[in-house]
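Colleague: Here are the chains, one letter per residue:
There are 2 protein chains.
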Amino acid sequence: MRRSIATVSLSGTLEEKLRAASRAGFDGVEIFENDLIGSALAPRDVRELAESLGLTIDLYQPFRDFEGVDEARLERNLRRAEAKFALMVELGVDVMLVCSSVAADSVGDDALAAAQLRRLAETAAPYGVRIAYEALAWGRWVDDYRHAWRLVREADHPGLGVCLDSFHILSRGHDPSAIRDIPGERIFFLQLADAPLMPMDVLHWSRHHRCFPGQGAFDLTAFTGHVLAAGYGGPLSLEVFNDVFRASDPRRTAADALRSLAVLEDETARARDREERARDGDRVETRVEPAGDGDRVEPRAVRPAPVALTRLPAPTRARGYAFVEIAAPEHSVHGVRAALASLGFRHTRDHRSKPVQLWCGGDARVLLNATDPQLGHTWSGDAAVTALGVDVADAEAAMRRAERLLAPPLPRRRDPAEADLRAVAAPDGTSVFFCAQDPAERQDWRSDFTVPADGDGGTAGTALAGIDHVGLFQPFDHFDEASLFYRFVLGLEPDDGVELAAPDGMVRSRAMSRGGAGPRIALNASLLGRGPYEDVRGGPQHVAFGCEDVFAVARAMRDHGAEPLRIPDNYYADLACRTDLQPLTVERMREYGVLYDRIGEGEFWHFYTPMLDGRLFLEVVQRTGGYAGYGSANSPFRMAAQRAEASR
Amino acid sequence: MRRSIATVSLSGTLEEKLRAASRAGFDGVEIFENDLIGSALAPRDVRELAESLGLTIDLYQPFRDFEGVDEARLERNLRRAEAKFALMVELGVDVMLVCSSVAADSVGDDALAAAQLRRLAETAAPYGVRIAYEALAWGRWVDDYRHAWRLVREADHPGLGVCLDSFHILSRGHDPSAIRDIPGERIFFLQLADAPLMPMDVLHWSRHHRCFPGQGAFDLTAFTGHVLAAGYGGPLSLEVFNDVFRASDPRRTAADALRSLAVLEDETARARDREERARDGDRVETRVEPAGDGDRVEPRAVRPAPVALTRLPAPTRARGYAFVEIAAPEHSVHGVRAALASLGFRHTRDHRSKPVQLWCGGDARVLLNATDPQLGHTWSGDAAVTALGVDVADAEAAMRRAERLLAPPLPRRRDPAEADLRAVAAPDGTSVFFCAQDPAERQDWRSDFTVPADGDGGTAGTALAGIDHVGLFQPFDHFDEASLFYRFVLGLEPDDGVELAAPDGMVRSRAMSRGGAGPRIALNASLLGRGPYEDVRGGPQHVAFGCEDVFAVARAMRDHGAEPLRIPDNYYADLACRTDLQPLTVERMREYGVLYDRIGEGEFWHFYTPMLDGRLFLEVVQRTGGYAGYGSANSPFRMAAQRAEASR
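Quick note, the sequences are listed as chains A and B, same order.
The first sequence begins at 1 in the UniProt record's numbering and counts up by one.
The second sequence begins at 1 in the UniProt record's numbering and counts up by one.
Since the hints were derived computationally from the structure, they do not count as laboratory data.
Be aware that one or more of the hints could be misleading.
[Claimed, not checked] Computed far set for chain B versus chain A, every beta-carbon distance over 10 Å:
{"id": "1", "residue": "Pro-43"}
{"id": "2", "residue": "Asp-280"}
{"id": "3", "residue": "Arg-317"}
{"id": "4", "residue": "Pro-568"}
{"id": "5", "residue": "Ala-640"}
[What the hints assert, rightly or not] Residues from chain A that keep clear of chain B, each with C-beta distances beyond 10 Å, as calculated:
{"id": "6", "residue": "Leu-74"}
{"id": "7", "residue": "Ser-177"}
{"id": "8", "residue": "Pro-199"}
{"id": "9", "residue": "Asp-454"}
[As the list claims (entries may be wrong)] For each label pair, taking beta carbons as the anchor points, the in silico distance ranges come out as:
{"id": "10", "chain 1": "A", "residue 1": "Arg-79", "chain 2": "B", "residue 2": "Gly-625", "range": "20 to 28 Å"}
{"id": "11", "chain 1": "B", "residue 1": "Gly-625", "chain 2": "A", "residue 2": "Asp-249", "range": "39 to 47 Å"}
{"id": "12", "chain 1": "A", "residue 1": "Gly-625", "chain 2": "B", "residue 2": "Pro-126", "range": "36 to 44 Å"}
{"id": "13", "chain 1": "B", "residue 1": "Glu-493", "chain 2": "A", "residue 2": "Arg-73", "range": "49 to 57 Å"}
{"id": "14", "chain 1": "B", "residue 1": "Gly-515", "chain 2": "A", "residue 2": "Gly-629", "range": "32 to 40 Å"}
{"id": "15", "chain 1": "A", "residue 1": "Arg-514", "chain 2": "B", "residue 2": "Arg-2", "range": "35 to 43 Å"}
{"id": "16", "chain 1": "A", "residue 1": "Ser-647", "chain 2": "B", "residue 2": "Asp-496", "range": "58 to 66 Å"}
{"id": "17", "chain 1": "B", "residue 1": "Leu-197", "chain 2": "A", "residue 2": "Ser-647", "range": "34 to 42 Å"}
Note that beta-carbon positions come from the ideal geometry of N, C-alpha and C, so glycine has one too.
Let's have the full structure, built from the sequences with the hints guiding it.
Modeller: The structure is reproduced here in structure tokens:
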């Protein structure tokens, strides 16, 4: 299907918006009226620019407060509309969005509204313009798409149809399945927006917090499925009012938007396939008797021909972490090595050609790199998580999907002797390696670690159970972009997210996993883009290792001469009075800086290393009873302790 | 009255919060439990630190989900509470806030809840602790202070009272006047927070958007009046959950908070005076008949003795602009002079000792300064508005009030021959001069401009009617602080504010005036602290001059060889079809870049100069029919035009 985006979804001048949409690969745009009014480009110039960029102009929007008025106002509104129709001819766009009136002095007379909408369509016809009528979620009289469709049907003019906007329908909790009852040719336009569930007035929610499909809580795959089942064949178009996108680089936002739409189209196609199969199954079951006479019309034939949907390579289902790579500058590499050793890691091998060490602790593997893994030169920043190695079934397929989602591929093997690894750069700059078991060892990352190493390291109290999760701090402006990227490129599902009160401001946190299992990623960002975590270096990152006995690991760590992050005594005093933990247990926790959380029957025990080099820390966690969280109730105290540690 | 602040209202570690509160001049604090739990300071250390800073600890909070539970849970809750009571003894605090339960499994049985609250008070008594029970606006069963008071009264224990929180009461629209029916000694604590009216769930609103009294929409003077009339004599305490304050410098936030509370106390005192006078008047009227027998008890005598309130010097009522000062670096001073000249300003005089020029245009006066007016050295930034001269009746009184509101005074006269001007620095760094007519000329700013100047300048098409308003861009984090400062230091009232869609993000705008008249100030800030307006230089500023004929000024400007900011033709095409303006009028507007707004019968005509030196522009406005706005409907187009101009 054709893909469009409303200019209001992007920042900048109209010209910048068009260029960004074209660059990301959109086919068309909706022109938001104020973007045109504020532009120095004449309508014809806009048309020419769009054409030169390979973009069609699919919609002119919005036209407000038209219907339900007295005769004098109607005449004025029609004159106002005619001026816009003339302008649309110059722009080369033939559909105008008319949204349901919000005027306090309008009247709620369906027959009158339908007749006036018909007048509008009649007036538009000589200009070759059609009217797409949309029910705003906060419309004065019409706030439900089913109501809008009743008016359109009653008006009965071929130049009048409906515009369906997922936000206006789903934000109100309206059942979208009745969309299937609207003839596809009367759906003139489809606008798509997702949104997180937020407890606020729908107008405020709409104007500030819309986001791209996959970034919010709406089921847009099912929604789009209904629209396509009705026979709609126009563009999939994104209309997203979002305060952050309005202030971000439009090229980046446009890429984020296209990524979102590509997955939505793909998922809609897969859902349709499933629906078809289910229906075909039904048919086989229910139509066994009167063996065909050859003239029987298949029900399929009366359905509109399904519109062709662009598919992506099958979703990647990352299975867990092959490794996490930490880059450390020379002055802090010793500290990182010591921390790993204290948790029982051993330096087992070195890379055959690069200054990269492999450290193994139980089933957890950490690569310690002295260079920037993307650029090759010596790492000069703070110690940081620079790459994630994720286990996948088919690295080539994962790579194809990632590239279709506009993920920048990283350069492939430079040395013929090295493994031919597949990797892309995530929006936050982290390298993501797709790691498959490869019998021929041509693509197995392990095959590059051929050099026996010094064997430095410690002895674990108990073997680590692998990498439990990785915490990555995101720039405020790109939190949703990163969330969508990791979700769709690695096949993870986001949780509902939490807001954490850090000493220097609120931190937004969202974890992603595969049904609660790895590879788990916790994305964090400063809620307002302020505070010390928003400096040029970015906020803290961490790697959490799982284990079966957090106290055994903690004890071994102390035996190794290392101390955990110090948690205040006040924390344990509170814990003792609000839980049923035994005093001896609490005392042992205090001794080792272990924190505790409980959700239902699930329990979570965890401790942290001190901050290594200002930005990176390690965590050890123990999950019991099916605990699926991340101990976020303790995060404010962890952040306070880090803050206190930093100011010591 | 004593003034307190909850630690949750400030950012940083607990120690930093206490130091900031003390530094601003607070008498006490509420300890928010998580701030203590996350602190490395033991309760005794906190107590000692507070004492050494001259702070009392007035409240420990919050204790949650206590009442309406079964017997087993009650016992657990009492054990939990006892641990907190013991801790409170160490902290040296004797009131604990218990908020109404939000637990889904609690029961709504008033008799049970009252009995359990009584048990809690009985348990607290041996520790010397009293319980202040608060109705959360989103409590499961108790969400109204009147309900909380019924439970407290029913429980009937001297160690149990209510805590009143203005947010929980006013956000629900509950009538606060019934507070007067609560005996003052049963009001154990008073928490104050303001909030802007926001269309969202009350919990979300409370957790993110509270602000200090005077920054929101609640009538806290009336609210506090009710509480004092009931006989409350405890501290006035601010409990403000605000995302911005959580991420800002706590010292600055604490000063903002104290400023807010000082005005609230003063305004409450003034309102009480008015109430007293009205009552005394009533009494005289209603008690004329039975001439006293000497034994009659005055009703006044049964009222609790009114608590003493600290007063401020009388509110300053700024009357308009004496002048606006623009500082310009050498490379742009010519451009600023040319722009002023093109609007009909003339360079009439120079300062007797400083490189400051006086430019007069009709009733508008602009000082053009080559130096930083606060530091004296050569101005090296972009051209900017650096000082506002406001006309006041009594400069000394205005200065005394400003200093009581923690406004930093600027150094006074250095040279005995100069006028002895009074000025303070606003939070955004702008100098505010209090200008009074002074027969002795000792304090008249004009008396320093003794040197006849070159008379450079232009001829106005019509005399300017003075300075209509000044637009000042604020750092995102200090918008509310600046708003409160200008409001209370100059005696201005804020309007409801608007959000404007700029090409690079949303801009928040709030105008302040005296009943619609001058001195008007429009404060602007980036809604999310992002976009090009948030760089180190700050966003654009402007000075708008009033006039009687905007076209005459525009024509004279063109005759002078200067061009207005170019407004796109698309704006005029839209204007022609949505208004009744005559085509010839629209054409004339297009020719001179004049924009138009209409609200009711009021009309607004205005045009802009191009940006002078990247950050400063001038505006000329004409108001008719009582128009009281600022043309904000046009602001997005003005900003788009400036954006286009900047990228040319």
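Colleague: Each of the hints needs a verdict: does it hold here or not?
Modeller: How the hints compare with the structure:
no., hint, in the structure
1, Pro-43, "7 Å, violated"
2, Asp-280, "45 Å, holds"
3, Arg-317, "35 Å, holds"
4, Pro-568, "5 Å, violated"
5, Ala-640, "3 Å, violated"
6, Leu-74, "15 Å, holds"
7, Ser-177, "28 Å, holds"
8, Pro-199, "3 Å, violated"
9, Asp-454, "38 Å, holds"
10, A:Arg-79 <-> B:Gly-625: 20 to 28 Å, "24 Å, holds"
11, B:Gly-625 <-> A:Asp-249: 39 to 47 Å, "43 Å, holds"
12, A:Gly-625 <-> B:Pro-126: 36 to 44 Å, "38 Å, holds"
13, B:Glu-493 <-> A:Arg-73: 49 to 57 Å, "35 Å, violated"
14, B:Gly-515 <-> A:Gly-629: 32 to 40 Å, "55 Å, violated"
15, A:Arg-514 <-> B:Arg-2: 35 to 43 Å, "56 Å, violated"
16, A:Ser-647 <-> B:Asp-496: 58 to 66 Å, "41 Å, violated"
17, B:Leu-197 <-> A:Ser-647: 34 to 42 Å, "39 Å, holds"
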